[in-house]
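Spelled out, the chains give:
There are 2 protein chains.
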Amino acid sequence: MRVLFNEEMKQIADDLDTMAAAVKAAIDGAGKALLDNDIDAAQSVIDGDLKIDGLEASIIDQCVQMLAKQSPVATDLRIVVSTLRIASTFERMGDLARHIAETARRAYPDSAVNPAIRDLFEKMQDFDSHTAGEIISILQNRDEDRAEKLIVNDNKLDELHTQTFSIINGEDWKGTQQQTIDAVLIARFYERIGDHAVGVARRIVYMVSGFDPSKDPTPLLAGGLDE
Amino acid sequence: MRVLFNEEMKQIADDLDTMAAAVKAAIDGAGKALLDNDIDAAQSVIDGDLKIDGLEASIIDQCVQMLAKQSPVATDLRIVVSTLRIASTFERMGDLARHIAETARRAYPDSAVNPAIRDLFEKMQDFDSHTAGEIISILQNRDEDRAEKLIVNDNKLDELHTQTFSIINGEDWKGTQQQTIDAVLIARFYERIGDHAVGVARRIVYMVSGFDPSKDPTPLLAGGLDE
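Just so you know, the sequences run in chain order A and B.
Just so we're aligned, residue 1 is where the first sequence starts under the UniProt record's numbering, counting upward by one.
Just so we're aligned, residue 1 is where the second sequence starts under the UniProt record's numbering, counting upward by one.
Think of the hints as simulated: they come from the structure by calculation, not from any bench.
None of the hints are false.
Identical chains share a label here; the pair holds if one copy fits it or two copies do between them.
Derived SDA-like pairs (lysine to any residue); straight-line CA-CA distance at most 25 Å:
| # | residue 1 | residue 2 |
| --- | --- | --- |
| 1 | Lys156 | Arg106 |
| 2 | Lys149 | Asp53 |
| 3 | Lys10 | Lys69 |
| 4 | Lys51 | Asp154 |
| 5 | Lys156 | Asp53 |
| 6 | Lys69 | Val3 |
| 7 | Lys149 | Ala57 |
| 8 | Lys51 | Asp61 |
| 9 | Lys51 | Asp158 |
| 10 | Lys156 | Ile46 |
| 11 | Lys51 | Ile151 |
| 12 | Lys174 | Ala116 |
| 13 | Lys69 | Met9 |
| 14 | Lys174 | Pro109 |
| 15 | Lys123 | Glu171 |
| 16 | Lys10 | Ser71 |
| 17 | Lys69 | Gly210 |
| 18 | Lys10 | Arg78 |
| 19 | Lys123 | Thr162 |
These numbers were taken from a predicted model, which means no experiment stands behind them.
In isolation and in its complexed conformation, chain A is listed as follows (with noise of 0.2 Å):
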């Protein structure tokens, strides 16, 4: 029963690792497709997607299955619990990335983006693709000070956000009512992504220590997850 187990433990963790490598991909993907103008790397990003929803689906099956035939207790069920959130979480990231995978395409020939916040969704995108990064390689090696980090950094997307607002009102901007509308959902998406993968950096530290960092009193980790 036991060696049972801990080779389907061992096929969820896989599992999840594919899950985090095929987010990462669409994020990438997302951004090929905005930045570059790349409808082939958008419409691989909204295809793609189906392959992340089937992944969630998988995952959160076997995660039910072990519950009922394994009875794990302690640190596997806080694994097997954790697993389930995140598997439902990056399923969201992969939406979030598909969703400016459509951005793009609908704006194509032309580009969603605005010369003016280029820039600005430049940072955004290396922000969110180096913290799928990040957490591809967190989660393989249960890292749990590289997810600290990681839950700290969060405010520097927040900022990023921010500005998107400030360009938009400021006296410069000569974007197109469309590409207001693109900027502000666009930065939304962003800025999701990156909350999102800080909820899961949340779960691993839980998942690995017991201990829940959202419910950390200071105010550096203080604020939960969003929406």
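Chain B: place on chain A using the hints.
Just chain B now, kept in the frame of chain A:
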């Protein structure tokens, strides 16, 4: 043991009902804040969001304790896992209502709502408020048929969301740049609240029947949870 189990299940179900009612109150308060420019209502939604976050944390704790100590199977397990996921969705719905309230507060004493889009936002508000009310009732009565009706009706909200962009992009739109930004975000928040409510309805169907309608291949029900 069984008596204790049922008592604990009842407590979790009661807390989830309390959370559903708090989410409905937050949505209604956000509507008052936004559409009646009611700053007290806005503040009350913003302050009240902490209570919703606390309920989520408590419900998740109870579910994990339940899994650890009682090892539920079959229907009971399905209820516990669904409850975990529904509590997280309610938490996000509360965040979104808070975002609407925050938008109203930021604009105050001006209104965040340009008159040209007021009618549309009233409809979206009514939709979300009605849906949240249905969720309370469906949850209490485990009413699968009404849950399925809610799932099918979701496209009405999508239509309202799409209309937002027609209005903002239209020639008659005279909103300030800030009102444009606010309108794009508010419409998005309303649409997300409705999507999450549909996600809850799907999970209630799964909880009651063991059938997951998000896996139904018919176009009417296809398309999973978003963001």
